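Throw the hints in and build the complete structure from the sequences for me.
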Amino acid sequence: MKVSEIAELLGGRVAGTAAREIRGVAALETASAEDLSFAEGPRALSKAASSQAGCILVGEGAAVEGRTTITVANPKWAFVRASNALRPRQLFEPGIHPTAVVHPEAQVAADASVGPGVVIERQARVGSRTRLAAGVTLGEGVEVGADCILYPRVTVYPGVRIGERVILHSGVVIGSDGFGYVFAEGRHHKFPQLGSVAIENDVEIGSNTTVDRGSLGTTVIGEGTKIDNLVQIAHNVRIGRHSVIAAQTGISGSSEIGNYVVMAGQVGVGPHVHIEDQAIIAGQSGVLDGKTVRKGSTVWGTPARPIAQIKKIYASLAHLPDLTRIVDDLSRRLPRSGH
Amino acid sequence: MKVSEIAELLGGRVAGTAAREIRGVAALETASAEDLSFAEGPRALSKAASSQAGCILVGEGAAVEGRTTITVANPKWAFVRASNALRPRQLFEPGIHPTAVVHPEAQVAADASVGPGVVIERQARVGSRTRLAAGVTLGEGVEVGADCILYPRVTVYPGVRIGERVILHSGVVIGSDGFGYVFAEGRHHKFPQLGSVAIENDVEIGSNTTVDRGSLGTTVIGEGTKIDNLVQIAHNVRIGRHSVIAAQTGISGSSEIGNYVVMAGQVGVGPHVHIEDQAIIAGQSGVLDGKTVRKGSTVWGTPARPIAQIKKIYASLAHLPDLTRIVDDLSRRLPRSGH
Amino acid sequence: MKVSEIAELLGGRVAGTAAREIRGVAALETASAEDLSFAEGPRALSKAASSQAGCILVGEGAAVEGRTTITVANPKWAFVRASNALRPRQLFEPGIHPTAVVHPEAQVAADASVGPGVVIERQARVGSRTRLAAGVTLGEGVEVGADCILYPRVTVYPGVRIGERVILHSGVVIGSDGFGYVFAEGRHHKFPQLGSVAIENDVEIGSNTTVDRGSLGTTVIGEGTKIDNLVQIAHNVRIGRHSVIAAQTGISGSSEIGNYVVMAGQVGVGPHVHIEDQAIIAGQSGVLDGKTVRKGSTVWGTPARPIAQIKKIYASLAHLPDLTRIVDDLSRRLPRSGH
Numbered sequence: 001m002k003v004s005e006i007a008e009l010l011g012g013r014v015a016g017t018a019a020r021e022i023r024g025v026a027a028l029e030t031a032s033a034e035d036l037s038f039a040e041g042p043r044a045l046s047k048a049a050s051s052q053a054g055c056i057l058v059g060e061g062a063a064v065e066g067r068t069t070i071t072v073a074n075p076k077w078a079f080v081r082a083s084n085a086l087r088p089r090q091l092f093e094p095g096i097h098p099t100a101v102v103h104p105e106a107q108v109a110a111d112a113s114v115g116p117g118v119v120i121e122r123q124a125r126v127g128s129r130t131r132l133a134a135g136v137t138l139g140e141g142v143e144v145g146a147d148c149i150l151y152p153r154v155t156v157y158p159g160v161r162i163g164e165r166v167i168l169h170s171g172v173v174i175g176s177d178g179f180g181y182v183f184a185e186g187r188h189h190k191f192p193q194l195g196s197v198a199i200e201n202d203v204e205i206g207s208n209t210t211v212d213r214g215s216l217g218t219t220v221i222g223e224g225t226k227i228d229n230l231v232q233i234a235h236n237v238r239i240g241r242h243s244v245i246a247a248q249t250g251i252s253g254s255s256e257i258g259n260y261v262v263m264a265g266q267v268g269v270g271p272h273v274h275i276e277d278q279a280i281i282a283g284q285s286g287v288l289d290g291k292t293v294r295k296g297s298t299v300w301g302t303p304a305r306p307i308a309q310i311k312k313i314y315a316s317l318a319h320l321p322d323l324t325r326i327v328d329d330l331s332r333r334l335p336r337s338g339h
Numbered sequence: 001m002k003v004s005e006i007a008e009l010l011g012g013r014v015a016g017t018a019a020r021e022i023r024g025v026a027a028l029e030t031a032s033a034e035d036l037s038f039a040e041g042p043r044a045l046s047k048a049a050s051s052q053a054g055c056i057l058v059g060e061g062a063a064v065e066g067r068t069t070i071t072v073a074n075p076k077w078a079f080v081r082a083s084n085a086l087r088p089r090q091l092f093e094p095g096i097h098p099t100a101v102v103h104p105e106a107q108v109a110a111d112a113s114v115g116p117g118v119v120i121e122r123q124a125r126v127g128s129r130t131r132l133a134a135g136v137t138l139g140e141g142v143e144v145g146a147d148c149i150l151y152p153r154v155t156v157y158p159g160v161r162i163g164e165r166v167i168l169h170s171g172v173v174i175g176s177d178g179f180g181y182v183f184a185e186g187r188h189h190k191f192p193q194l195g196s197v198a199i200e201n202d203v204e205i206g207s208n209t210t211v212d213r214g215s216l217g218t219t220v221i222g223e224g225t226k227i228d229n230l231v232q233i234a235h236n237v238r239i240g241r242h243s244v245i246a247a248q249t250g251i252s253g254s255s256e257i258g259n260y261v262v263m264a265g266q267v268g269v270g271p272h273v274h275i276e277d278q279a280i281i282a283g284q285s286g287v288l289d290g291k292t293v294r295k296g297s298t299v300w301g302t303p304a305r306p307i308a309q310i311k312k313i314y315a316s317l318a319h320l321p322d323l324t325r326i327v328d329d330l331s332r333r334l335p336r337s338g339h
Numbered sequence: 001m002k003v004s005e006i007a008e009l010l011g012g013r014v015a016g017t018a019a020r021e022i023r024g025v026a027a028l029e030t031a032s033a034e035d036l037s038f039a040e041g042p043r044a045l046s047k048a049a050s051s052q053a054g055c056i057l058v059g060e061g062a063a064v065e066g067r068t069t070i071t072v073a074n075p076k077w078a079f080v081r082a083s084n085a086l087r088p089r090q091l092f093e094p095g096i097h098p099t100a101v102v103h104p105e106a107q108v109a110a111d112a113s114v115g116p117g118v119v120i121e122r123q124a125r126v127g128s129r130t131r132l133a134a135g136v137t138l139g140e141g142v143e144v145g146a147d148c149i150l151y152p153r154v155t156v157y158p159g160v161r162i163g164e165r166v167i168l169h170s171g172v173v174i175g176s177d178g179f180g181y182v183f184a185e186g187r188h189h190k191f192p193q194l195g196s197v198a199i200e201n202d203v204e205i206g207s208n209t210t211v212d213r214g215s216l217g218t219t220v221i222g223e224g225t226k227i228d229n230l231v232q233i234a235h236n237v238r239i240g241r242h243s244v245i246a247a248q249t250g251i252s253g254s255s256e257i258g259n260y261v262v263m264a265g266q267v268g269v270g271p272h273v274h275i276e277d278q279a280i281i282a283g284q285s286g287v288l289d290g291k292t293v294r295k296g297s298t299v300w301g302t303p304a305r306p307i308a309q310i311k312k313i314y315a316s317l318a319h320l321p322d323l324t325r326i327v328d329d330l331s332r333r334l335p336r337s338g339h
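Protein chains in written order, with this note's numbering: chain Z, 1 to 339; chain S, 1 to 339; chain D, 1 to 339.
Each hint can be trusted.
For identical chains, the list gives no copy identity; a pair is met inside one copy or between any two copies.
Here are the computed lysine-lysine pairs in the BS3-like style, where the Cα-Cα straight-line distance is at most 27 Å: (1) K2 x K47; (2) K291 x K47; (3) K190 x K76; (4) K291 x K311; (5) K47 x K190; (6) K76 x K291; (7) K76 x K47; (8) K312 x K291; (9) K295 x K190; (10) K76 x K2.
Derived by calculation from the structure, the hints in this document are not laboratory data. Remember, predicted model here, so these are calculated numbers, not experimental data.
What follows is the structure in structure tokens.
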């Protein structure tokens, strides 16, 4: 694409060589004369001056001396759009690899790509242009919509429904049994795990993350929600739309997470918790059983508290050992008889 | 099964239509006229009144107007037993899938089910009615007892012994090398990891959990113990019988966990820890190197403390910033000369 | 090997039967007359007296009555070297299993061992004596050096470079997409994840650990670094040489970890953190966004603080509820008018 074509796509203004041919995208440091890059913030803009990039996306009011630039409202977002245009999604060869094992009663779209060693069980359905990479297993009755990518060795247990444009990274497990037992007669007896999982459109789930099926109901991951690596989603959890959950976070059974929620890494959420829309949970927080995190609020710590409060507490902790000594001293100086 | 037959199985009393045919189990909200459900506690009982369930298990003294019920001592436990009777364990077609790779010196029971792409190495043994789902790998000399289910892509390293009725969910790794090195000459040298793992009868292990082999001894998971997803069990750990370990908990090398222990999610246990029988470790706790958690006690926090103490500390923390200001004020008001 | 030969290899001094034949290694408790063992510290030395081991490695100044010993400077390290000599690395049958799927444009060394169901994509390269166990997937253009072991079901995404003598345990995922999105028009848009991962020589990575590719740059794991199970390494992280990272630790995007760093289990490292050489991060610590941990320092807690400080804080916490009561009492006894 020519710089001028990219500018047109993005609705931006060119400064410099509009006719230059751009073939890829790269970071400022590694970009060549055929790469598009972007610069946001003063540090990036100073790097931009010495970048070899053929074209740099910049925000309003920013200029880079001697470089070809396109001015846009949101350089990073423009970079994503340009990147998608310059590097269209790789289409995999349609068809079923001869080593795949597909049940005769499964339905696989003619233009889906089914890799080596894939196993598709009875009555499973695979949508158009969806790619199942090597070693993916779809259990009985699983539905996977169109334009999905399931990376190597994803396991989908029976009955799970997956929407369109869903990306599941390698090692993801969807629909394994929830962790539910009844203790009787001196041992734990498995509670029936007969529910399912629904993964809505445009969800992405990171490597080795696990999502358990509902015990009697359904575990739901809402549209557009993004989940990082090694996250645990327990049975009957319901996550709303466009939420973001970072690595190694764990959400216990029957908790509800709203829309546009942000959870940082290693957060622990107890059972029956309500995290309302647009709440933010900082890293390593612990939200205790049955608690509610209010709409739009930010919490941190274990037990999770409003961020302003916990920051004060953490700051005060530095003085706690001194405080103990001072109070001991005050107690000695203020004799009990004095009151 | 007729309602009367279920009542007989459970030793319960029918109120309503004893002759009704029941074919499955479901939650109160989703049950149909052919489903069995259960109601425990006032909230569930109020839901029960409007449930479509064909039969509802209730506790002594509870009645649901206009519904067919069976009165039992423990409705949830009765539900588990009835569910097992109504939905007997699915038996998989016995035999070895043609794409499986089974060493000629391996022994696989004639009624075991070995799925596509399974690899069974030399001298491994697989018991009766055990199911190895797609992509399971059993290393040399591995023993898996009768009536086990290994879900897709479970890896069992050489020499591991697995008892009967064990369930390993997808992505579980049993017997990988422990994390042990000797630092010498400026680098870490791998300490021999020559031990093994023993998984006793009736253990269930969740998706993507990892259990390392002993370095020179054996890592043991005792009978009836249940382990959730993404848990890490290090080398030479010994876990007793009928304990429960929730998701993302990690247990460091050579620690011993007793019988009937309960560990919530994201707990960290240092090396050489002793957690005695019936102890409870609350979520995200950290039990430090070499510590002992006493029999039947409940601890929480990092470092883990008795639950009553840590709850007081967490409550006090809310006042800590104020406390600091008050003490500053007191110090100013009580001049040094005053003592 | 004879005891005398082992002593020669280790540069140690024999006391006892130098001509005894040793065939293996074992712990003091389980060793037989043909096993080598080692004893370090008073507890181990007292065990050594009743051990059946054919030969025991001991430190300078230690003697074990009635046992054959070899005195060395560092018994544990000597044990590792002797173990390597007694049990040379198992060489797997070279060749490509007939069920493996190897692209015609891939290059696999003639003496590499490629197991059942392995998938090697276009232009991938596999070095001499490297073993790819069952179900390993190497994406397009992946390079794996000589003498590596990739255990069952390791996934390596396209373009990743792996050095020599690297060990990747079962379920490891290298090169999955980083967790990067741009929020615009009410939803999260995937930021390009076009970078790569470089794993240098002598790295070992534990089961089900995940290492994301750089977004535009490269995620690097330096030479000799050892990573435990279920660890998360995010995009663009750079880890130096000979560092050690214990289980379930997570390192966020663009953080830099130095050489000879030690991180205990369940540590969380925010984005853009610098952990300098030889720093030690205690278990469950949280190092906040953008922070630096100084060379050689030890930190603990969330937020991470110098270990001496945090230990005092944790000790003081035990008295915090009392402190609150004492200060209340002091406040009552020191009337406001008194100053």
